[in-house]
Amino acid sequence: MSDNGFEPRIVGFLCNWCTYTAADSAGVGRMEQPANVDVIRVMCSGRVDPAFVLKAFAQGADGVIVSGCHPPGDCHYTNGNYKTFRRMPLLEALLDQYGIEKERFHWGWISGAEAVKWAQLVQNFTEQVRALGPLDWKRQLASKEE
Amino acid sequence: MPDNGKLKLGLYWAASCGGCDIAIVELREKILDLDAAADILFWPVAMDFKYKDVEAMADGHLDVCLFNGAIRNTENEHLAHLLRRKAKVLVAFGSCAHEGCIPGLANLYDRGSILERVFLETPSTDNPDQILPQTLNALPEGEVSVPTLFNTVKTLDQVTDVDYYVPGCPPQAPQIWAVVEAILGGQLPPKGSIVGANQKTVCDECKHNREEKRIAKFYRPHEIIPDSNRCLFDQGIICAGPATRGGCGALCPSVDMPCRGCYGPPPGVIDQGAALLSAVASVVDADTEEEAARIVGEIVDPVGTFYRFGLPASLLHRVKQPEG
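Heads up: the sequence lines are chains F and Y, in that order.
The opening position of the first sequence corresponds to residue 1 in our numbering, with each subsequent residue numbered one higher.
The opening position of the second sequence corresponds to residue 1 in our numbering, with each subsequent residue numbered one higher.
Hints should not be assumed to be uniformly reliable.
[Stated by the list, open to error] Quick partial rundown of chain Y residues pointing at chain F, CB under 8 angstroms, derived from the structure: (1) Val89; (2) Ser254; (3) Val255; (4) Pro258; (5) Pro267; (6) Gly268; (7) Ile270; (8) Leu277; (9) Glu298.
Please keep in mind that the hints were generated in silico from the structure rather than gathered at the bench.
Every residue gets a Cβ at the ideal spot worked out from N, C-alpha and C, and that includes glycine.
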């Protein structure tokens, strides 16, 4: 618990075949990691519609993670992760224009064998988002109207 | 007013350009049929009615109100609530009332920066005393108030209950007439329905030939003379057709201009901009992360491009506001 009591709420969209497996291994291996990430398992990172990320922020997430299998060859569906790396940079640019700090959104690759990398990401990203404070999109929509 | 059996119709414009009212006139000779079937009791753009005429009506006096325009000041909001009370059926008519439309792009900014830009910074402005609009003005004759501009542009259904939606910037005349006929015939669909539009995307109505998409470079419309036979999107022009509800007959693509998305998202899509972003980025001709980032990095103004007509109705509604 930090001094101000703020616990970031982070949503993680993890692909079934790589990053979800890594997160599962990290749990089974009892690796130390904060409990701030709500994991949503998807079959492929290429299944992550940008609307999922926007909806997470709109409904109160302080940070969002999208993670799948390493390109080029790890994807269970041959090239689903190609869709991911084509979409995510454009989504980053969109979020930037919306005024959502780039430190609140992480996308990348963690294979099923990289449980340690997942635990480290959760630790680092949670602290990174904690330092930014709450996003609280609903409050910020309601504010500043007489 | 004696009850002559005719439909009692009201039309109103809030934050809009007047194009939706022009679209009604675009019914051409059918406007005489409309006049034969309906009494127009309120239509500020075309006839001399006052707000007090509406206030004097009994609640539910109007059978139908076609409300165009977004909600971006206190006057717009007041009339939205007033007409909701006075009309049995309130229709969000046109893209502004439906999803915010071009006025909704103000949600990329905030009230302070908009007023400064318009009243202080624009090259044609001559305002040496740096006067910004005041909502209350003390004049010799008494205090005069003007509506207050909101920080955030809203859609009609974000301020009051809406029965039906007619999309389009503006709605196309044949679609308007179909809606009028449905109202006159009493064939109203379930509340909340989008009427005067189709269930498939603009691509379904577009005559251009589509191939497999591999986009190595994006062009803005002024940067390329497109091949009139080939899909504009295939040629690298960002066309909102795949993420836009049909119903217009693919008017813009038929003259080689890309669809800009005014009919809003197709059924099942919760965020038109996200759907278009996804469609655009997925077909980028890049097999490495660096190449993909380079190609999509050339897209200017993603929010304005992907949410040109629907920012207030999008999942996030607006950009983050400055602190303080």
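Verification of the supplied hints:
{"no.": "1", "hint": "Val89", "verdict": "violated (28 angstroms)"}
{"no.": "2", "hint": "Ser254", "verdict": "violated (28 angstroms)"}
{"no.": "3", "hint": "Val255", "verdict": "violated (28 angstroms)"}
{"no.": "4", "hint": "Pro258", "verdict": "violated (17 angstroms)"}
{"no.": "5", "hint": "Pro267", "verdict": "violated (15 angstroms)"}
{"no.": "6", "hint": "Gly268", "verdict": "violated (11 angstroms)"}
{"no.": "7", "hint": "Ile270", "verdict": "holds (6 angstroms)"}
{"no.": "8", "hint": "Leu277", "verdict": "holds (5 angstroms)"}
{"no.": "9", "hint": "Glu298", "verdict": "violated (10 angstroms)"}
Violated hints for the displayed structure, listed by number in ascending order: 1, 2, 3, 4, 5, 6, 9.
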